[in-house]
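Q: Next come the chains, spelled out residue by residue.
Protein chains: 2
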Amino acid sequence: MKHIYLTPGPTELHPVIEPALTYALNEKIFSWSHRSKQFDELSQKTIKSLKELLNIPDSHSVFFVASGTEAMERVLESCVEKNSFHFVNGSFSARFFSIAKDLGKSPVKQESALGNGFDLRSIKIPKDTELICMTHNETSTGFMLQVQEIEELKRSHPDKLLVVDMVSSAPYPDFDYNLIDCAFFSVQKCFGLPAGLGVMIVGPKCLKRSQELESKRIITGSYHRFVELYEWSLKSQTPETPNILAIYLLGTVLEDLLKSGIETIRTKIKDRASRLYSIIEKTKFASVFVKNPVNRSDTVLCIDTGSNTEKLSQFLNSEGFIVGSGYGKFKDKHIRIANFPGTSDRDFELFVKALESFS
Amino acid sequence: MKHIYLTPGPTELHPVIEPALTYALNEKIFSWSHRSKQFDELSQKTIKSLKELLNIPDSHSVFFVASGTEAMERVLESCVEKNSFHFVNGSFSARFFSIAKDLGKSPVKQESALGNGFDLRSIKIPKDTELICMTHNETSTGFMLQVQEIEELKRSHPDKLLVVDMVSSAPYPDFDYNLIDCAFFSVQKCFGLPAGLGVMIVGPKCLKRSQELESKRIITGSYHRFVELYEWSLKSQTPETPNILAIYLLGTVLEDLLKSGIETIRTKIKDRASRLYSIIEKTKFASVFVKNPVNRSDTVLCIDTGSNTEKLSQFLNSEGFIVGSGYGKFKDKHIRIANFPGTSDRDFELFVKALESFS
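If you're matching them up, the sequences are chains A and B in order.
Mapping of the first sequence onto the numbering used here: residues 5 to 363, in sequence order.
Mapping of the second sequence onto the numbering used here: residues 5 to 363, in sequence order.
Some hints could be false.
Pairs of lysine-lysine residues, derived as DSS-like cross-links and limited to a Cα-Cα distance of at most 25 angstroms, are as follows [stated by the list, open to error]:
(1) A:K32 to B:K335
(2) B:K239 to B:K32
(3) B:K337 to A:K6
(4) B:K274 to B:K288
(5) B:K288 to A:K335
(6) B:K55 to B:K41
(7) A:K105 to B:K220
(8) B:K220 to A:K32
(9) A:K109 to B:K288
(10) A:K41 to B:K333
Hint data in this document are derived by calculation from the structure and do not stem from the laboratory.
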């Protein structure tokens with residue numbers, strides 16, 4: 005049986021990947037020089053499609069790095085002399101915080117229990133904070149901040165830079181990027197690509213900040229510091245030989261998503277998540293891990309399956325589906341279901357049927 | 005016409021890549037979790053094959069990063085508090101030096117003209133040098149250091165760490181890795197993979213050094229510092245989601261190279277290079293850029309084609325071959341010919357015939 009991967013990433017490849025790879029091998033796209041006009045056009049096309057899909061303003065640049073984790077490191081290196089502020093309620097927001105510590109910064113965190121949110125209006129962010137780090141979608145627990153929560157926080161702190169980790173939610177959240185100084189995602193989540201590419205959306209305030217740090221002789225990194233990434237991005241290139249295969253595949257998936265239209269995709273994700281959550285809420289064998297419905301992730305659904313975890317996973321497996329296990333200490337107590345745009349209607353309906361038939 | 009890419013990387017894909025990709029798509033390998041047993045086994049297999057092919061001792065670890073450029077940054081971050089020493093005679097050795105400067109180190113360089121070597125016995129390496137950085141094969145100029153030059157330098161400086169950039173020569177040089185504290189390469193050169201993976205071979209002295217720096221509270225990076233890469237490597241994993249596709253493809257190419265045997269491959273590369281150099285030496289339209297025969301690269305041949313550059317490139321193109329242009333200021337004055345293991349005998353003979361027929 006060929007299983008369908010509904011795992012939070014790496015995940016089932018988007019259906020356009022296979023024909024795109026065949027085409028690229030035939031055209032020898034992966035032999036192109038990363039300093040050629042052909043590559044520039046490919047890279048330009050991918051960036052143009054991304055900006056169109058997410059409605060990213062011209063003021064913002066797009067940088068290619070190797071992973072979401074690298075993006076965390078690079079934004080901290082390029083935009084923070086000392087003080088970053090982190091909202092931490094899961095493993096990935098905790099990683100963002102610990103990378104800041106590794107880099108010798110003095111990060112401050114506001115912590116909340118796993119699966120719980122923050123009372124964003126009452127939180128005091130220290131005056132000397134340079135960068136506020138928020139995780140839109142905590143892949144480890146299925147906790148999703150609301151877009152308006154993030155945007156309001158920026159409106160009330162206009163003098164601070166804001167970076168949003170949207171590793172496992174992009175292109176779902178409908179951000180006004182004029183309020184987002186930096187955002188980043190990985191391609192092996194919602195975009196259904198093989199892993200190996202991180203994408204950063206970087207606004208002018210981050211670039212300016214990074215130039216200021218450099219003029220103060222602060223170390224901001226080397227080949228992937230923002231100033232260097234920006235200079236190369238003007239030529240649609242990268243400082244090093246990048247993952248051309250992934251940049252090409254991302255362009256192909258974006259083209260497909262643009263055909264559907266972002267509103268259709270967002271509605272589909274929202275509707276599918278609602279259906280899955282309502283099935284879970286009706287069962288006795290499991291419950292939704294995030295208690296507050298407004299913070300339940302629409303792209304990575306985390307289900308508290310307790311002692312039924314193995315039985316449910318095996319049942320879904322026998323029905324043709326592989327779901328994600330729980331993260332870290334919840335490995336044997338949760339399942340995580342990816343709700344990404346690449347899943348066909350047919351596969352989704354079969355999964356719903358399988359989930360409903362478990363008892 | 006389907007051209008054969010004899011470019012110094014990205015280059016023609018190794019013939020096993022296409023069937024391997026088809027197999028992987030069918031088996032859904034790129035949907036595997038990077039924390040799964042399946043991935044551990046894949047990663048283990050790739051590392052085992054690499055160690056076997058290059059005869060790397062058990063004392064050395066293999067780390068996966070994103071590019072050769074990243075490898076330069078990571079070894080400098082993890083192994084140097086202040087002083088690195090660089091042999092610079094081309095763009096890539098110069099990049100290694102400039103990355104050290106970007107990172108706030110105090111690098112010292114021994115410079116030589118492009119295409120020229122170093123009198124390694126007479127060079128005084130400062131006493132406080134922590135890391136000696138050598139570029140085995142300067143991709144920009146086709147200059148290759150001899151293996152014994154590098155090994156002798158280490159023997160005469162046993163107290164200093166030695167890192168060797170073998171980006172565009174691995175697996176060709178037959179190093180005694182007991183003398184190499186760190187080496188790294190990119191997969192889009194001799195291994196004929198799509199770009200997007202850097203591989204680091206890291207010995208125990210580099211790891212120890214990196215632990216010492218950390219105990220002195222020196223910043224050594226974050227998720228890709230050696231101490232963290234090492235901890236994850238014990239589980240055959242990486243801190244972040246890596247380029248699983250490239251790790252898988254590298255394993256497949258390594259398996260093919262092991263079938264031929266490393267001696268056969270090295271002999272083939274040496275013989276082919278000799279044949280190409282002797283053709284060039286007999287012509288009037290071009291000359292070998294590197295004057296000293298012992299330092300002519302066997303994997304990236306740099307030919308000074310002067311005013312004949314465009315005509316020759318176009319002729320080779322019409323014969324079905326794409327060669328590399330000159331690097332940087334030599335863009336219109338040199339061609340660079342990749343001599344990588346993946347080229348079939350048939351294609352190589354056709355290329356020889358084409359080159360010989362140009363006048």
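Q: If a hint holds in the structure, say so; if it does not, say that too.
A: Hint check:
1. A:K32 to B:K335: holds (23 angstroms)
2. B:K239 to B:K32: holds (22 angstroms)
3. B:K337 to A:K6: Distance of about 54 angstroms is beyond 25 angstroms: violated.
4. B:K274 to B:K288: holds (24 angstroms)
5. B:K288 to A:K335: violated (69 angstroms)
6. B:K55 to B:K41: Roughly 21 angstroms separates the two Cα atoms, so the pair holds.
7. A:K105 to B:K220: Judged against 25 angstroms, a Cα distance of about 15 angstroms means the pair holds.
8. B:K220 to A:K32: violated (49 angstroms)
9. A:K109 to B:K288: Violated, because 60 angstroms separates the two Cα atoms, which is more than 25 angstroms.
10. A:K41 to B:K333: holds (18 angstroms)
The structure is inconsistent with the numbered hints 3, 5, 8, 9, although it conforms to all the rest.
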